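Line by line, the protein sequences are chains A and B.
If you use our numbering, the first sequence corresponds to residues 1 to 448, in order.
If you use our numbering, the second sequence corresponds to residues 1001 to 1485, in order.
Misleading hints may appear alongside valid ones.
Unchecked claim - Okay, the calculated bits of chain A under chain B, using three or more residues with CB under 8 Å as the criterion:
| id | segment |
| --- | --- |
| 1 | 149-155 |
| 2 | 182-188 |
| 3 | 193-202 |
| 4 | 290-304 |
| 5 | 355-361 |
No lab work stands behind these hints: they were computed from the structure.
Keep in mind the model is a prediction, meaning the values are calculated, not measured.
All C-beta atoms, glycine included, are put in the ideal place defined by N, C-alpha and C.
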Amino acid sequence: MSYISISDKDKKEMLARTGAASVDDLFCCIPEAVRFKKPLDLPAAKSELELVRAIGAVGGKNTYGGHLSFLGGGAYDHFIPTVVDYLSSRGEFVSPYTPYQPEVSQGTLQLVFEFQTLICQLTGLDIANDSLYDGSTGAAEGVLMAHRITNRNKVLLARSLHPQYREVVRTYIKNLGIEAVEIGFGPDGRLDPAELGRALDDKTAAVVYQSPNFFGVVEDVKALSDAAHGAKALSVAVVAEALSLALLESPGKLGADIVTGEAQSFGIPVSFGGPYLGFMACKKEFLRQMPGRITGQTVDKDGRRGFVLTLSTREQHIRRERATSNICTNQALCALRATIFMETLGKQGLREMAWQNAQKAAYAADKLGAVRGVKMKFAGPVFNEFVVEVPKPWASVDAALRGQGIVAGYGLAAEYPGIGDAAVVCVTELRTKDEVDRLARTLEEVLS
Amino acid sequence: MIKEIREPLIFEISESGKRASELPTLDVPARKDLLAGVPLRREIEDFPEVSETEITRHFTRLSQKNYCVDMGIYPLGSCTMKYNPKINERLAAHPAFVASHPLAPADLVQGSLEVLKKLEGCLCEIAGMDAFTLQPAAGAHGELTGMMLIRAALEARGDARKYVLIPDSAHGTNPSSAHICGYAVKEVKSNEKGTIDLLALEQEMTGEVAALMVTNPNTLGVFESDICRIAEIVHAKGGFVYMDGANMNALTGIVRPGDMGIDVMHINLHKTFSTPHGGGGPGSGPVGIMKELVPFLPVPLIAEKDGRYALDFDRPASIGRVRAYFGNFAVIVRALCYILTLGPKGIREIAEFAVLNANYIRKSLEGVYDLKYTTASMHECVFSDKIQKAFGVTNLDISKRLIDYGMHPPTMSFPLIVHGALMIEPTETESRRDLDMFIDAMKAIATEAKENPDILRSAPHVTYVSRLDEVAAAKFPILRWEKKA
């Protein structure tokens, strides 16, 4: 199958107009010696029907979907109203480029303006950008931004920040002379305030923590922000479960200077890790240091309201190596999905969803905690995830549960050595009471 | 559609108590002491409340204010706005893929891992590279990853070096990516043909230079014919050649970067491999490398043994992760579908027709618009407004007028080495009819520039909004809606 729209007759005539004797002639500027003269060693072209069968067969090798799953850890399975798929599939949203020509891009620009507003409302901060790649690169951009603002070279990273986010931060800062110091957690699962106090100094650019953290525990954002500010460092909150913002007091109100994170929960399927939706919001005094695209409201020459990409002197295409970030293409279509999702759930619906998550997680924690030998690892308050500790090796418990068709959680031993036989369990609004009861029952059987 | 329809912001039509979605009633006992001691919000202040009808109309109307590839030619230079096949959308949304969790045990997601491995293999063949990582989420992210790989390889040799050379025609992400990687940027001047000046390169290429970042074909749409010599010069001083693959659409099946001395490159799946741009993303920027750099690839790698796939984290020299999980997976599925659909001949036809179409436009408009560099064009050609300037008309005016003719404008004011640039990339999927419509419109506009320049300066005339005040937008930023006090 081919998507070429030019007939053989047109091809001949067009070649004639270019003056080239043949198609090969068009490539005369490529040295003969390096030209590739064989056919590429790729599978033979497929018709649509053959493609559907081939890809269907590959997809069929994924057996995860047949399991009852309680996986979270930065990727959350939430209800997605039908209008999200329906409206976001429109070609007018799917197939334009970045809105460089505002007069023919008002649809994208207005919806991104709405997205920025919604993110500000949820985070409790003044301004938000159009999106970043995902939560992990959002955390990295947050660190670089704090470094630019404070001109300091040390960041304190909570060990309870998503392990993969921490790795990405380390990869990003490695060549920039920024040092990362990890701060551990206490028995409540929250960042250890004493250790934080010892590490904070006049070289610290930011305290970077996740709330709810990787263990599902809600951090004391106010205390962390106060501590950071006490050392004239910034408070950078990372939110990997954006839905929590609908129920918990906003990090901005509690003192966070920058809130960045992952909004996959807003209408974007888990889809094996991407594409997702990084977001970032901050106080308005940091506007000039914000990475990524920003959309602003203006008027046309007839006085009508319109929207444009703005403040682009921060960006790579103007400022080149002095830009606030190298980001160019972002996650606009994911921001569209999130915008439709947030506006569809609305003021009541989003809060209701968040509340149900917290209720169901609390129920599940009680149920699992009642299973003989199972303990809640941390005492701190949780949103929709919590860490269970089991009295047998987690790998064997996990395997036995999988044998019963259940993926119960994400084992922590590899990334948190010394934490014991512990796993983080996530319960969203999609899990029913019966499913949670089944998990508890099966866990009991597996452990007995 | 009716031009005067104004679509309010969703916040402006919000009314207390309306909703467009409901969940089932909570099926577990509700606890009163939920999250005790944690500050909770009373409400999300001013968050919208609308019905499903209103949501549907809001976004349908907004969509109608966008121009898109599904409507017509979108000749944005260096952006490769080709047709996005619809079957790829459907297969990327296959339930087996969208429901798979990135932290699921590898045994349960063999199909997803196979997709990643298969695309890696196809890209290696098409680019002539030894390995690919699919983790980078976009082109600029790929550049950063590629430069980190180069730095890691140089550090392993004992000296990370200080500088990166970048031609003056390069895209802005190149210097920015090099900078985040800890390198200072030195610009290499282009010669009168618009290509890298070999003498300038030889002078600049010292033992302190880590790499040359080159876009080939470059942003003028010109192939760097001396690429092999360029690579020799860089390699002779122990440096690496990084290729920005944004313009790979000109090369598929014709020449492979790996065969012309490129050590590291990225490919934009959202350009060459037809995944839609989505109004600015998501993209995907896989990075291809030659053998020496393999030890430094981001973790995890996907290892295959007897048709089973596993994740390999045991990579002590790895630069680490550049993104959580595995990259923009659903974009990767689309690109694989595209390659499987086209097959070897179809992949070669991408470049053949992309270059034919661009040259057809170039020949048709030469003389009508000024062409600063007359070197042979590949997949795009860069005109300028030099002729029209005489009538007080700029590339901006020409672009805005093109909107009145029902088409998207070319890329403007880039590359920086062509003043008043109009950078035109039609791609291979346009029909002759669409190309002719574009050519005719450009000719008509050139005539108007002479006879009625005001109609250009006041364009566009057919859109929901006329020219927008971008200066005011930046000077007095309004970046969110706020309730009127």
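Evaluated hints:
| no. | hint | verdict |
| --- | --- | --- |
| 1 | 149-155 | violated (count 0) |
| 2 | 182-188 | violated (count 0) |
| 3 | 193-202 | violated (count 0) |
| 4 | 290-304 | holds (count 11) |
| 5 | 355-361 | holds (count 5) |
Hints 1, 2, 3, counting from the list given before, are not met by this structure.
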